[in-house]
Structures are given as C-alpha cells and as structure tokens.
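Protein sequence lines correspond, in order, to chains A and B. Using numbering that gives the first Met the number 0, the final residue of the first sequence is 338, and nothing's skipped along the way. Using numbering that gives the first Met the number 0, the final residue of the second sequence is 338, and nothing's skipped along the way.
If you're looking for bench data, these hints aren't it; they were derived computationally from the structure. Don't take every hint at face value.
[Claimed, not checked] Over 10 Å on every C-beta distance to chain B, these chain A residues come out as not near it, computed from the model:
(1) LEU17
(2) ASP117
(3) HIS144
(4) VAL147
(5) GLY235
(6) PRO317
(7) ILE319
[Claimed, not checked] Each computed BS3-like pair below joins lysine-lysine, with the alpha-carbon atoms no more than 25 Å apart:
(8) B/LYS132 to B/LYS113
(9) B/LYS184 to A/LYS296
(10) B/LYS113 to A/LYS296
(11) B/LYS132 to B/LYS296
(12) A/LYS132 to A/LYS113
(13) B/LYS45 to A/LYS113
(14) A/LYS214 to A/LYS184
(15) B/LYS113 to A/LYS45
(16) B/LYS296 to B/LYS321
(17) B/LYS321 to A/LYS132
(18) A/LYS132 to A/LYS321
(19) A/LYS132 to B/LYS113
(20) B/LYS184 to B/LYS214
(21) A/LYS296 to A/LYS321
(22) A/LYS132 to A/LYS296
(23) A/LYS313 to A/LYS296
(24) A/LYS113 to B/LYS296
(25) B/LYS296 to B/LYS313
(26) B/LYS132 to B/LYS321
Note that this is a predicted model, so its numbers are computed, not measured. Where is the CB? At the ideal position from N, CA and C, for every residue including glycine.
Protein chains: 2
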Amino acid sequence: MELQAKKVERIRIYDVALAAGVSVATASKALNDTGRMAPETRDRVKRAAVELGFRPNAMARGLLSKRSFTVGLLTNDTYGRFTLPLMAGISEALVDHGVSVFLCTIEDDPTLAKIHVDAMLDKQVDGIIASGKRIDRRLPVDMTHLPVPVVYAFTDGPDDSVRFVSDDAQGSRDAAQWMIGLGRKRLVHVTGPTSFASVQARAEAFSDTAGSGAKILHGTWSEAWGHEAVAQLWGGDRPRPDGIFCGNDQIARGVVDALRERGVDVPRDVSVVGFDNWEIVAAATRPPLTSVDMNLKALGREAGLTVLAMAEGKQVEPGIRKLPCRLIVRQSCGGVAAD
Amino acid sequence: MELQAKKVERIRIYDVALAAGVSVATASKALNDTGRMAPETRDRVKRAAVELGFRPNAMARGLLSKRSFTVGLLTNDTYGRFTLPLMAGISEALVDHGVSVFLCTIEDDPTLAKIHVDAMLDKQVDGIIASGKRIDRRLPVDMTHLPVPVVYAFTDGPDDSVRFVSDDAQGSRDAAQWMIGLGRKRLVHVTGPTSFASVQARAEAFSDTAGSGAKILHGTWSEAWGHEAVAQLWGGDRPRPDGIFCGNDQIARGVVDALRERGVDVPRDVSVVGFDNWEIVAAATRPPLTSVDMNLKALGREAGLTVLAMAEGKQVEPGIRKLPCRLIVRQSCGGVAAD
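In isolation and in its complexed conformation, chain A is listed as follows (with noise of 0.2 Å):
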C-alpha cells in the first residue's frame, strides 16, 4: 500500500476506503460494526486501517457514523450547460472527502422536485445544492425545513440561505475595460432579456464602465439576434461601434458572423467579446472569442465544500456570495494598442 509512506496523524478514512478498495461510507461503517457487508470486507477495511495508523477520535468516529458520503444535486437545468461544469467542481471538490455527487433533474415540475428531495433524503444525504438555469428563479419546492443543509448554486434561494451566485457586473465591467484598454471608443452591448437579473445586472456595469451614452440593446439569447442586432446597428448611418460585448456566446456568435459577412473585419475593425465562455461555440466561432468564464466549476467548489462543512456542524453565514468572473482572451478583440 503506497498510502503508508503518508503521515500517521494525515490519514483520513478516505486513504482507508481507497486502499481496502470500497467507498468511504462502507469504511466508515466497516470500521463502527455497524451496516450490513461481507465479513471479508469489514476485516479488510479494519486491516486497511490498522496497517495506514487510521484512529479517529470520539468525536470523528461519532460524525462519520452518522454521515452517508452523499450530497444530492438537484436542478432544473435539463440541459446541462450550467449544471455540468457546477457538478464537475462539486465532484472534484468532494471526491477528496470521499464524498459521492447524485445529480437528480427535476424539469421545473414541483411533483418531480417533491419526489426527487424526498428520494434524496430517503438516501440520507449529507445535504442538497440547489441549482439552476438562472440566479433570479427558484426551483420549485421548498426546501427551507430539511433535516440537512442545502446550499444554493446558480439559482435563487430564501433570504436565509447560503447562495453562491457568479459576479456579473465585475464580469461585465472586465469586458468593457478590456475593450477600452484596447483602444475602442464606441461600445455597444447586446445582450439578452431584460427580465433576467443578471443581464439588468450586466447593462448597469457597463454603463456604468463604457459611459451612460453606450448603446445597449436587448433581444433573445440565439445567434439569430446577433445577426439581426448587426443590421440594426450597421443600418442606419449613425458611427458604427467599434466595440460590441454580447450578453452570451451565441449572441457574440451570430455578431461575428454577420460582421464578416458585411465585409467587417474583427477583431481589426471590431472587438467582440461574448459570455459563458461556453468552449463549443467560443472557440469554433471565426475568429475565437473572447468571452467572460462565470468560473462555474470553482462556484461548484465552493458550494460543495461549504455543504459539506455545514453538514459536519459548522455554522455558515447566510447569504450571497458572489465569485469573481474571469476574461478568456481569444481572437476576437485583437490587440490594437490604446491611443
């Protein structure tokens, strides 16, 4: 066992699970006789822990025989493009714990969501995250009186609870900067909804960064409204932009096309940057974009880690906490020096 070569007092019941070859809630219960198993498997976990120097202290052995090694992920984001990265963070963050992620989709159906918490809890989880599709919506059930801790990650939760949401208008101010910083003087946003939170959130930033005077317009989340956003903008004969942050990646995707198909060269003559930095359509767009990471998989961490330490006892502070954005420079904001 190479996990000997660790230090006495570092070794965890995951270093005991791993290598007597079962998941941490199996060696947790191998290890307090209790639970059901072979009787091979409970001698080889406590033979693990004899040869690795495991001994947890009352108080460990009294949390661990009570925990499950399981956090449920419930979400109404079907189609996976903010839930995926979250749950990949989640994972990675807990997997060291020993902790397994059940992610369970509930499609905005309050009968669903009701079935699936109830099936999380009937698993005995350690806690739930809670997540979503966009930061001003809740899921469909009420999940204030649980019997485990529930954090919530991309979604909105009750005024109590512990929220991690990403930091839109730092995102949105980077952009713009990054695009003044490189010499553009004519900003334009287009951007999605005005219903979301998080583009109101985002418009305010750059107004607030590209001037009160800077054009922003709004329409759906698709290629389709970039390309029709670019005729608006290139039809009448006001000066064109110089510079155009897009609310999302498709967005940016669709500006960039119609660009290129006016005969407009970006990044030469255009900046543009997107949103989501979602890989797919980032980097196959011609030129690859520029665009603000909502830092997903980090938020997910987080998130992770702090329902694990609620469920181990520790307080945390209710509230929103907002992680940083972070700027992925590809090609199409080009490096044209500032004036």
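Given chain A, work out where chain B should sit, using these hints.
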C-alpha cells in the same frame, strides 16, 4: 383527492405516495411498517392507501419492501451531450413508477468509478444504467458481479449484458436515401475518425446506399474539419458533390458555412445532412440542418424500463438492442424533385 376517480385495480403505490405527498420509497416503508419516519407520515400514507383502495398482493408487498425506488446512472460523458437526453428519457419513464434517477459522472477515472458504484450500492439502488459517449468503449469499472441489475446504454458492455445502442447503419442509410430521393447523384460522406465503431458502421451503410464509388472523407468531429473538407472537395476540378452527409452536426455546420462563403447555395446546389440532431447547432445553422436523430431519449426510456423489469425479477435476454434513428427534416436539403 383527485386520484380517487381512478379504478381501484389500477391504483399503484405511486398513486398512494403522490396522494400522501411522499416518495414511493417512503410510502412503501410506511405500508410495510419498516424504516424510520414521523408517525404522522406513516399514518398519512396508510390513510391515503385506504382511501384510494390500494391493496398490494403478498408478492407485490415482498417486492416493494425490498425496493429502494432509485436507479443509478453512471457516465463518463462529462459534457452531457449524450447522457442528458438519455437521463431525461430514463426519468420520464421511471417517474411514473415513483423511481428517482441519480446521475454520477466518473470522468474515465477507475478510482472514481469504483467509489461511485460503491456509493450507489451503499444507497441500495434498484439497478444501474451505465452510459458513455461512444458505443465501442467500456466504462473503467467492472460491473459484471454486482448484486443489482446493470444495463448498458450508449456505451459498450460485457458480451452477456443487455446493451442499448442506436442503429447507426439505418440512420446513415436513411440520410443517403433521402438525398437520393431528392435527385442528388454525387453523394459524399464527411465524417469523424475511423477509430470509432459508429463511423465505420455509418460509412459502410453509406457506401451500400450511395454506391461504392461515393467518396468518404475522415477527419475530426469539428466545424473546422467541415471547412477543410469543402476546401478539398471544391479545390480540384473534379465533379463537385451535390449531396453531403456529415458524421455530426458540427461538421455539417462547417460544411454549410464554407459552402455559403464560396457562393454555393444550400440547399439549391448542394443538400447537406448532419448527424446527432443537436438542436443548438442544427437549428442555428443557416439554413437549419436536416439531421439524423439517435433518439437517445427513447433509448433512455427503454433502458430505464428494462433495468426496472430486471429489478422486479423479470428475465431479460442479454444482447444488443438497436433502436432506430429518425431523420429530422429542416431546410438544408431542400425539396428538389427526384429526376
């Protein structure tokens, strides 16, 4: 309770659970006087069962009390493109049976896979569905001797297992025949790497349908490859194709964009068909793509019902079940009349 209107003999445990506002697992435990729950909950379930006239026979009671009403879905498709439609189908089929689906992603890591399978067994799932991103690769975990039934969907499995895949050859044949029916005479297949079993199956069926002289070009699964293939096909002075069948929608999108940029009209001059019917790409292409849909949702539904039947003790023949693909007609083929 609205459900009372239903005929007595059709009342299922699911109806009782729904009326009592609990999961099927909880309802089952309440009725079997097992499990831990608030006495009010147990009473509520029993009352609902009486009111609805729910009377399981002895055998059903035995089966019910052993069931956990959860199915585990294990996948290495982190991106979720294949697994999420599959999961939607599984959920849809199983929710009527009161069964929740828990998804775990394993990212091709054997240790992770082992931990998650173990966690699923620990949670006493009724069965496991293994899933992936290609039909000729296995997940990095041996599930041949698990105490619960396992079925394989859109991933490879052991010879004596139950496997669900889509019928690549039939999908490919349909696409080629569709273009031939539109009067196209010079078909080309632009597809992915030869190392994929589906690429081989589709290429073979394409040759059988379009004639052995019909060209097949292999490359990567990308828009860039679509552009490059058009450059190759239009580069020399050989006769140009009038129908291009692509191995996925991303290649097809590259082909359509490249043709437009060369002034070749799609669908007037050339018909283009994609594969996967990946809405986000197919619908945004100009013109929108006609594409082969692998019916992953239906595949998920079948896999879900099968694993459930196995969990209930039914014998299921091992082997590969090929489910038909379906051609989704949009505008990229046109309505060219057959000669």
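Against the structure, the hints:
Residue-level check failed: A/LEU17 sits 7 Å from the nearest beta carbon of chain B, not beyond 10 Å. For A/ASP117, the shortest C-beta to C-beta distance to chain B comes to about 4 Å, within the 10 Å cut-off, and the non-interface label is violated. Once the 10 Å rule is applied to beta carbons, A/HIS144 is consistent with being away from chain B; the minimum gap is 12 Å. At the 10 Å boundary, the C-beta of A/VAL147 stays outside the reach of chain B, the nearest C-beta of that chain being 14 Å off.
Annotated as non-interface, A/GLY235 keeps its C-beta farther than 10 Å from every C-beta of chain B; the closest such distance is 24 Å. Here A/PRO317 stays apart from chain B, with its beta-carbon at least about 27 Å from theirs, past the 10 Å limit. Every CB of chain B is more than 10 Å from the CB of A/ILE319 (nearest about 27 Å), matching its label as outside the interface. This hinted pair checks out: B/LYS132 and B/LYS113 have alpha carbons roughly 19 Å apart, not beyond 25 Å.
With a C-alpha separation of about 49 Å, the suggested pair B/LYS184 and A/LYS296 falls outside the 25 Å cut-off, and the hint is violated. Under the criterion of a C-alpha separation no larger than 25 Å, the hint pairing B/LYS113 with A/LYS296 is consistent with the structure, at around 23 Å. Between B/LYS132 and B/LYS296 the alpha-carbon distance is near 15 Å, which keeps this suggested pair within the 25 Å criterion. The straight-line distance between the Cα atoms of A/LYS132 and A/LYS113 is roughly 19 Å, inside the 25 Å bound, and the hint therefore holds.
Proximity of B/LYS45 to A/LYS113 is assessed by CA-CA distance (about 19 Å); at most 25 Å being required, the pair is judged to hold. Note on A/LYS214 and A/LYS184: the hinted pairing holds, with a Cα-Cα distance of about 12 Å set against a maximum of 25 Å. For the suggested pair B/LYS113 and A/LYS45, the alpha carbons sit about 19 Å apart, so the restraint of at most 25 Å is met. A hinted pair counts as satisfied when its Cα atoms are at most 25 Å apart, and B/LYS296 with B/LYS321 qualifies at roughly 14 Å.
For the proposed pair B/LYS321 and A/LYS132, the alpha carbon gap of about 34 Å is over 25 Å, so the pair is violated. With a C-alpha separation of about 16 Å, the suggested pair A/LYS132 and A/LYS321 falls inside the 25 Å cut-off, and the hint holds. For the hint linking A/LYS132 to B/LYS113, the alpha-carbon distance of about 30 Å lies beyond 25 Å, and the restraint is violated. The straight-line distance between the Cα atoms of B/LYS184 and B/LYS214 is roughly 12 Å, inside the 25 Å bound, and the hint therefore holds.
The hinted pair formed by A/LYS296 and A/LYS321 meets the criterion: a straight-line CA distance of about 14 Å does not exceed 25 Å. Pair hint A/LYS132 plus A/LYS296 holds up; C-alpha atoms about 15 Å apart against a cutoff of 25 Å. For the given pair, A/LYS313 sits about 23 Å from A/LYS296 by alpha-carbon distance, which is consistent with the 25 Å threshold. Note on A/LYS113 and B/LYS296: the hinted pairing holds, with a Cα-Cα distance of about 23 Å set against a maximum of 25 Å.
The hinted pair formed by B/LYS296 and B/LYS313 meets the criterion: a straight-line CA distance of about 23 Å does not exceed 25 Å. For the given pair, B/LYS132 sits about 16 Å from B/LYS321 by alpha-carbon distance, which is consistent with the 25 Å threshold.
Of the numbered hints given earlier, the model fails hints 1, 2, 9, 17, 19; all others are met.
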